[in-house]
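Trainee: So you can see what is in the structure, the chains are spelled out below.
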Amino acid sequence: MSDIDRLRDAMAEPPAQPFAPVDIEHVMRLGGRRRARRRLLTGAAVVSAFLVVAGSVVGVQIFRNAQVPASISVAAPPPATAEVRPFGTIVDTGVVDNQGHAVLYFARVARTTGPAGYQLVLAHKSADGTITPVSAENADFTDGGFRGVATGHPVSFLPLYGYFTGSVRQFKATYQGDELSVFDRAVPELNVTLFWAAPKSSAEDITTASVVQLAAFDAAGNLLANGSGPGR
Amino acid sequence: MARGDVEFVEFVQASTGRLQHAAYLLTGDRHQAEDDVQTALVRVYTAWSRIRRQDPFAYARKVLANLVIDRWRRPYREDATEELPERPAPGDFVDGVAVQEWLMRALGRLSARERAIVVLRHFWDLSEADVAVELGVSVGTVKSTASRALAKMRMSDELVERVS
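Chains as they are written, first to last, in our numbering: chain H, 25 to 256; chain F, 681 to 844.
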């Protein structure tokens, strides 16, 4: 017989004195309480988790609502003349209508008195590269924020465009509660960013009298200090 | 009484003896063993609806072993007393009692984990892999701990003498 076998035999040997019987009722009473407490804690944990998630959602919603962009009236840009010459980047919005691609650019304009100024121009670019200005408006880069907010309607399918002076990463536009897809393109020569909204059925009725809510955010998604002011 | 409760009562009646015996081997203290089995059974009853269709005895065994190990992990609290405990005089027992006494003394040389592994391996006859699962350790840990425990027990000449 090996040591292990002897050990096993010794362990299998019943104790000399019997043990006290287990009070089953007491065990079940304690176990029942423990079970109830566990269920309560589990329920509380589920409720807590739900509240945390719901609170987070509501908190984010409140935070977003606190960042409700200001309403901006869409301007009616004055018609451009053929003499307006592009300055810097000509940005293709990707919007194509009957006259060609809708493009945006800034034009340098000589004035009879004082220094030269700039204009934001909406133009059509034909297949052969000819650029035909549709509308132009004097640009002002002195203050940061939204500027030159206008609509291309009815001469272009472009529902909304404008520029933002200063550093910006993302735009948000809402028209009658419906969020529009906003694209942007920096114009480094002037330290501004052009933005425009893509055509959308709900945005087809945007006119010069329409009110569109605009917001600008930084890289972290925070509303910029000058990101909700009226552009005009 | 609900059907689940009836089954639990039957389980307690069928398993208590073996659980108490194991608890005694694990703790070396009769009253502590009775308390530990009761605590383990309370936990078994708590989880009864979940485990009754599985292996409630394995669950009880696992709870019991971990209960003893967990208590050993907690800070040890010793109450001073002026009365010395009774010490059995060697050779006063009939053979079976003497074997138990010396077995307890040999097991007493082990740590709680070593003791649990020895009991699970050689009292409950579990494989090393099953012991590892029950205690939540690796098989390697079971092997090395069991080997160390048996070496400690072999160092007890008294045990060898008494059980042979």
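In case anyone wonders, no lab produced these hints; they're calculated from the structure. Because the structure is a prediction, the values reported are computed rather than measured. One should not assume that every hint holds.
[What the hints assert, rightly or not] List time: in silico DMTMM-like cross-link candidates among lysine to aspartate or glutamate, alpha-carbon distance up to 25 angstroms: (1) Lys832/F / Asp29/H; (2) Lys742/F / Asp202/H; (3) Lys823/F / Asp33/H; (4) Lys832/F / Asp27/H.
[Claimed, not checked] Quick list of the computed label-pair ranges, beta carbon to beta carbon: (5) Val71/H / Lys832/F: 49 to 55 angstroms; (6) Val689/F / Ser26/H: 36 to 42 angstroms; (7) Thr198/H / Ser729/F: 50 to 56 angstroms; (8) Asp805/F / Val71/H: 44 to 50 angstroms; (9) Gly816/F / Val77/H: 56 to 62 angstroms; (10) Phe74/H / Gln693/F: 41 to 47 angstroms; (11) Val71/H / Ser729/F: 51 to 57 angstroms; (12) Ala36/H / Gly788/F: 14 to 20 angstroms; (13) Gly83/H / Gly816/F: 35 to 41 angstroms.
Yeah, the Cβ is synthetic: ideal placement off N, Cα and C, and Gly gets one too.
Trainee: Are any of the numbered hints broken by this structure? If so, which, sorted upward?
Mentor: Of the numbered hints given earlier, those the structure breaks are 2, 9, 11, listed in rising order.
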